[in-house]
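Visitor: Here are the chains, one letter per residue:
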Amino acid sequence: MTTLAARVGDSVRERYERLRQAWSAMPAPERWVTVFLTTMIVGGVILRIQAVPWPNWFTFDEEPFVKNAHSYALSIADNNDHPPFGKMLIAVGMLIFGYNSLGWRFIPLLFGLQTICLAYWLGRALFNDKRAGLMAAAFVAADGFFISYSRSGLLDGMMISFMLWGMVAALGARTWKGVLAAGILIGFSTSVKWSGAMTAIPATVAILMFRRVSIFSILWLGVVPIVHTLIWMGALKLTGKPSDPMATWKVIIGLYKHHLDLGHYKNDLTSPWYGWPILMHPVVIKASTSGLRSRYSSSVGNLLLWSTSTLFVVSFPLITLFIALRSRFRRYWTQWLEAQTTRGVLLMLVGWFAFMAPWLATRGTRGNYTFHHYYLPCYAFLLVLLGGIAAHLEKKHAKLVMGYIGVALVISLFYAPVWGEFSLSTAAASYRLWFPTWRP
Amino acid sequence: MSPSSEEPKEAGGGPSPAAPEVVAPKAETNISPPSAPGPTTPTRREPIPEPPKHMLLYTVFGFLCIGVALWLVLAWAGYKEKYTQQTEGWHLGSTKMIEVTLIRDDKKNLACASEKTFGSIHCGYHGNGGSWGTSVETDPNVLQPFNTVKNELFLAAGLWQSPILRGTLPAERFTVVCNYHVIGVLKAVSLRWSPTGNFSPVDQSVAVGNLTDCTIPQ
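One line per chain: the protein sequences are A and B, in this order. The first sequence runs 1 to 440 under my numbering. The second sequence runs 1 to 218 under my numbering.
Bear in mind the hints are in silico, worked out from the structure with no lab data behind them. What you are looking at is a predicted structure, and each value in this text was computed from that prediction instead of being measured. Ideal Cβ placement from N, Cα and C applies to all residues, glycine included. There could be a bad hint or two in this list.
As the list claims (entries may be wrong) - Heads up, incomplete: computed chain B residues facing chain A, CB under 8 angstroms, no partners named:
| hint | residue |
| --- | --- |
| 1 | Leu70 |
| 2 | Tyr83 |
| 3 | Thr95 |
| 4 | Pro163 |
| 5 | Gly167 |
| 6 | Asp213 |
| 7 | Ile216 |
Claimed, not checked - Calculated cross-link-like contacts (lysine-lysine; reagent style DSSO-like; alpha-carbon spacing at most 27 angstroms):
| hint | chain 1 | residue 1 | chain 2 | residue 2 |
| --- | --- | --- | --- | --- |
| 8 | A | Lys395 | B | Lys107 |
| 9 | B | Lys53 | A | Lys67 |
| 10 | B | Lys187 | B | Lys80 |
| 11 | B | Lys107 | A | Lys237 |
| 12 | A | Lys130 | A | Lys395 |
| 13 | B | Lys96 | A | Lys67 |
| 14 | A | Lys266 | B | Lys80 |
| 15 | B | Lys150 | A | Lys266 |
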């Protein structure tokens with residue numbers, strides 16, 4: 001016991017010493033960036049946790065998810081139009097804290113915090129740089145889109161967390177077991193929301209791109225539908241419904257047809273796919289009024305990170321095309337981004353497109369019945385991408401990156417009240433939520 | 001399954017001879033771009049670094065640690081007791097404190113239609129849509145439909161007679177906290193949510209009562 005304690009003590013001392021030396025060796029701009037990033041992460045964690053059970057009634061889409069989560073505990077059939085896993089996870093929170101707002105928001109909050117850690121690991125592994133991981137984690141931590149979904153009893157935050165987890169597993173895979181683990185995690189993501197299945201595309205590209213395992217290992221990603229079906233069968237069995245594979249398949253097909261038919265519905269909160277990158281209609285996920293003051297948790301992202309990522313998505317293909325046509329300009333590109341960063345950027349763009357594709361493909365049947373939060377997984381990939389680029393640029397243009405991250409931090413501080421449900425007057429909220437479509 | 005022979009050789013070995021991807025500027029161009037610095041010049045055979053070991057293990061361990069830490073923080077903060085007080089039931093004859101969401105136009109917007117009376121209390125309109133001839137502004141016995149902040153529907157009379165609501169009302173949405181005394185239940189009632197809207201029947205039983213002692217929470 002004493003030996004173990006001594007070893008732990010030595011390890012902590014050694015790490016502290018290494019950190020101290022790294023800090024001493026850092027130039028001033030990098031120190032400032034470290035302070036900014038730490039503030040963003042700590043602030044993001046606090047914004048997620050503080051007063052999370054308020055309001056203690058259902059907001060936005062919580063009601064169908066929570067009521068069906070409760071149904072699993074009572075063995076009553078689930079009548080919601082999403083796969084069962086997310087609701088079963090929400091039920092775990094209610095088993096711990098009871099049927100109340102803390103109970104139904106506990107698990108989404110847990111996954112919201114885990115998403116910050118996963119962004120770190122994805123950024124670090126993808127760009128082979130701890131600094132890129134730190135930046136990706138800070139960007140996710142200090143962005144309202146992720147904060148609002150961490151504070152609500154909704155499914156999207158959990159789906160994103162499993163998505164990033166699957167990507168981390170795919171990137172870190174050294175044997176077929178790693179690919180199998182990635183497949184299981186992507187299966188979990190798919191079992192929260194079907195769109196999670198799209199993670200298989202960037203995961204496959206990652207395995208092919210980095211070639212750390214045999215390309216035949218990709219076949220292990222075939223476990224995704226098996227995991228999904230098994231979870232669904234378990235959920236049907238739990239609620240006393242026929243749970244054999246054929247019966248489960250019928251339920252899945254029925255729900256698939258229902259989703260394709262959603263184009264007939266009308267909803268004031270809808271926004272078309274092209275509106276997501278330009279923040280056409282971000283939804284206020286939680287809104288409550290007491291007296292003359294209100295509390296909002298808006299899904300408006302950090303405006304600097306959002307606009308940079310959108311500009312990047314638009315400009316990257318144009319620049320690539322230009323360089324393909326005028327190869328003499330390639331050296332400018334190679335000065336700006338080296339091979340490792342370019343690989344990471346390309347992979348994240350594949351992820352972005354993979355999650356946009358279903359909504360482009362089903363536009364014929366779903367029409368404009370799509371919502372701003374469908375962009376959440378795309379945006380997660382873009383923030384990791386920004387983290388990688390910022391970490392790379394910091395090596396040559398430290399002051400520029402310091403300024404950029406400083407402005408991002410200031411914007412986060414300005415928007416924190418409408419992300420973390422601070423008590424505000426309507427005027428103060430409208431000062432931040434500029435357009436009518438941004439307000440509840 | 002171990003990494004197969006298809007794994008590129010450079011993944012495990014050191015840097016191999018560089019094959020510059022950068023094409024030299026053509027003679028006919030007058031532009032003379034800066035030369036790419038040597039160490040950052042990408043190469044086709046550049047080794048791909050290995051990812052950190054045991055990454056998945058760290059993420060699973062981290063997830064468990066966050067779960068336990070979060071549980072402890074929420075238990076320590078007393079969030080369950082602070083935010084999740086159970087509300088009283090809606091009992092006939094009971095008085096409960098409720099918070100109602102309003103806008104100032106609700107005085108004209110909201111109305112119900114029914115033949116049923118509870119003593120002197122009744123809806124503003126008959127079942128056929130005809131007016132009872134009194135308005136909520138002058139008569140404290142006229143019922144209107146409201147929603148609590150928790151989105152619970154109820155019918156109440158006497159709200160606009162509260163002293164706090166007689167003055168100038170806020171332009172934006174606000175809430176009032178009142179004592180609600182339940183005097184009955186209406187099953188067959190139609191509701192209207194705007195002065196020009198039609199009355200629509202509701203498919204649920206709705207509590208009927210009086211609102212008194214209202215105040216705007218500060």
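Visitor: Work down the list of hints and note, for each, if the structure agrees.
Guide: Hint-by-hint comparison with the structure:
1. Leu70: holds (6 angstroms)
2. Tyr83: holds (4 angstroms)
3. Thr95: violated (21 angstroms)
4. Pro163: violated (16 angstroms)
5. Gly167: violated (14 angstroms)
6. Asp213: violated (15 angstroms)
7. Ile216: It holds, given that the least Cβ distance between Ile216 (chain B) and chain A is near 5 angstroms, below 8 angstroms.
8. A:Lys395 x B:Lys107: violated (64 angstroms)
9. B:Lys53 x A:Lys67: violated (41 angstroms)
10. B:Lys187 x B:Lys80: violated (36 angstroms)
11. B:Lys107 x A:Lys237: The hint is violated at about 51 angstroms.
12. A:Lys130 x A:Lys395: Given pair Lys130 (chain A), Lys395 (chain A) holds - Cα atoms ~13 angstroms apart, limit 27 angstroms.
13. B:Lys96 x A:Lys67: holds (25 angstroms)
14. A:Lys266 x B:Lys80: violated (37 angstroms)
15. B:Lys150 x A:Lys266: Roughly 24 angstroms separates the two Cα atoms, so the pair holds.
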